[in-house]
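Asks: The numbering of the sequence shown is UniProt numbering, which starts it at 1 and goes up by one.
Warning: the hint list may mix true and false statements.
Have a look at the derived ranges for each label pair, beta carbon to beta carbon [unchecked claim]: (1) D221 x H429: 45 to 51 Å; (2) P170 x Q323: 53 to 59 Å; (3) V493 x P126: 37 to 43 Å; (4) L426 x Y159: 52 to 58 Å; (5) N92 x R440: 21 to 27 Å; (6) K260 x L426: 49 to 55 Å.
In case anyone wonders, no lab produced these hints; they're calculated from the structure. For glycine and all other residues, C-beta sits at the position ideal for the given N, C-alpha and C.
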Amino acid sequence: MSPLKRQILLITVIAAAIMELIDTSIVNVALNYMSGNLGATLEDISWVITSYAIANVIIIPMTSFLVNNLGRRNYYIGSIILFTFCSFMCGNATGIWELVAFRFLQGLGGGALLSVSAVVVYELFPKEKQATASALFGIGIFIGPTIGPTLGGFITENYSWPWIFYINIPIGIAAAISCMFLLGESPIKQQLKRIDWIGIFLLIAGVGSLQTVLERGETDDWFAAGYIIVLSVIATLSIIGFIVWELSIENPIVNLRILKYRSLSIAAILTFITGMGMYTSIYLTPVVAQRLLGFTPTQSGLLLLPGSIVAVLALIITGKLLQKGVAPAFMILLGFLCFIYFNWSMSRINLETPAIDITLNLIFRAIGMALLTVPLSTLAVSSLEAKDMPQGTSLNNMMRQLGGSFGISIINTYVARRVALHRMDLITHIKVENPVAVERINTYTHLFQQKGFGLFDAKQKAMQLIENVVVKQSFFSSYLDAYLLIGLFFAIVLPLLIFVAKRDKAKPLVIPSSDH
């Protein structure tokens with residue numbers, strides 16, 4: 001391949017990976033607009049995010065099977081076409097569940113844009129330049145989800161929310177055409193393996209059912225709804241069946257046997273919590289900024305931009321420190337502490353907090369992500385044999401996506417419960433014995449009387465205004481509680497690092513190339 005063709009293919013696959021990752025977060029700042037336009041609740045609209053994440057969870061472990069059976073070129077180009085077509089259909093969606101369905105299919109197409117892109121990038125560089133390849137792809141895939149909200153905010157405010165999906169169409173078409181002419185099959189021929197269809201079915205049934213229970217349980221009063229009971233049983237049996245089946249067959253879709261390695265099993269737990277923190281924070285922050293602090297979509301997106309710039313620099317420094325022998329566990333510790341501080345700081349903001357303070361908090365989140373991205377992947381494969389590394393990396397990636405989708409569901413349920421509690425707490429103070437409450441009601445009543453309302457109507461309007469204040473404050477306090485809960489999850493699992501603090505100095509450090 002000529003140098004020019006190599007550069008075009010390199011740009012193509014990195015652009016495809018960035019496009020897929022941008023779509024994990026670009027919708028976050030548009031949720032408010034989607035909710036109003038499609039007539040959906042915040043709980044329903046969150047499926048736009050979680051359906052995409054679930055699809056990634058399902059497809060990532062299947063990538064090697066699909067590449068072996070369909071051929072890398074066919075699978076990659078087919079995935080780009082599926083992703084691009086579903087992007088168009090997402091923009092054209094007229095109902096919430098139509099949008100969710102195409103987001104799920106879009107996520108299935110996006111799986112190859114991450115896994116296969118990474119492999120192609122490393123094939124295009126000689127061995128002595130693998131560090132350059134790692135830096136290029138690492139920065140590219142890190143930029144995607146961090147600039148997503150900024151880009152989404154600009155598009156939503158200046159055009160309309162469907163354009164956050166339409167923007168993928170020209171990029172997808174160009175990437176598909178480029179790959180048709182330039183992308184070849186993998187030079188490494190792997191033995192064709194039988195696809196674990198039972199494992200795939202159990203994984204889809206278990207994750208899908210559990211996700212639905214977590215998403216809809218609070219709305220439909222949990223086990224008072226018959227379908228919640230049915231799905232809970234399906235989720236339990238499917239997950240247990242999946243574990244038993246995957247441990248009993250020769251070529252499982254997810255090789256759970258490698259969890260016997262302590263470094264991988266602990267890394268998987270930490271990665272799950274990291275995914276939870278990453279996705280919930282990038283979901284909660286735009287919602288709080290727009291619905292409660294009055295920010296525009298562009299302003300909400302710009303809150304994350306400084307952190308994104310700092311994170312790229314931190315990611316480069318992290319890679320260099322790991323190459324110089326700094327223990328991954330130490331970097332992970334620093335990353336977790338940054339995340340704990342971020343969540344604690346966000347739980348202490350108020351309705352008058354300026355944008356600069358939130359931006360500074362988000363910089364700590366971004367640094368935490370940069371400190372966790374590569375070290376967690378390195379820790380995950382540090383004890384594995386070479387043949388197990390692809391499965392270990394895939395399993396680790398799956399745990400991150402799973403943590404994100406579960407995290408958003410858990411947070412929605414938690415916020416709904418906390419809203420009711422905070423509202424009850426606030427209204428107990430609105431009584432005649434409370435001079436502050438009486439003074440506030442009288443002030444509002446006089447205000448409406450001055451606008452021409454009679455005494456009775458003015459009092460009704462005053463009480464409605466008080467109710468609006470109570471509802472707003474109840475939601476705000478609940479979201480702050482949600483930040484604190486996520487920070488608590490990080491603190492709870494932090495002691496696990498004690499068990500992997502000592503790394504075998506004799507074993508060379510391996511930085512996996514296919515992680516994202």
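Asks: Give a verdict on every hint.
Replies: The hints, checked one at a time:
The hint said 45 to 51 Å for the Cβ distance between D221 and H429, and at roughly 28 Å that hint is violated. Separated by about 38 Å at the C-beta atoms, P170 and Q323 break the suggested range of 53 to 59 Å. Against the hinted window of 37 to 43 Å, the Cβ-Cβ separation of V493 and P126 comes to about 40 Å, which satisfies the hint. In this structure the supplied range 52 to 58 Å is violated for L426 paired with Y159, their Cβ-Cβ distance being about 39 Å.
The hinted window of 21 to 27 Å between N92 and R440 is violated, with their beta carbons roughly 48 Å apart. About 51 Å separates the C-beta atoms of K260 and L426, a value consistent with the hinted range of 49 to 55 Å.
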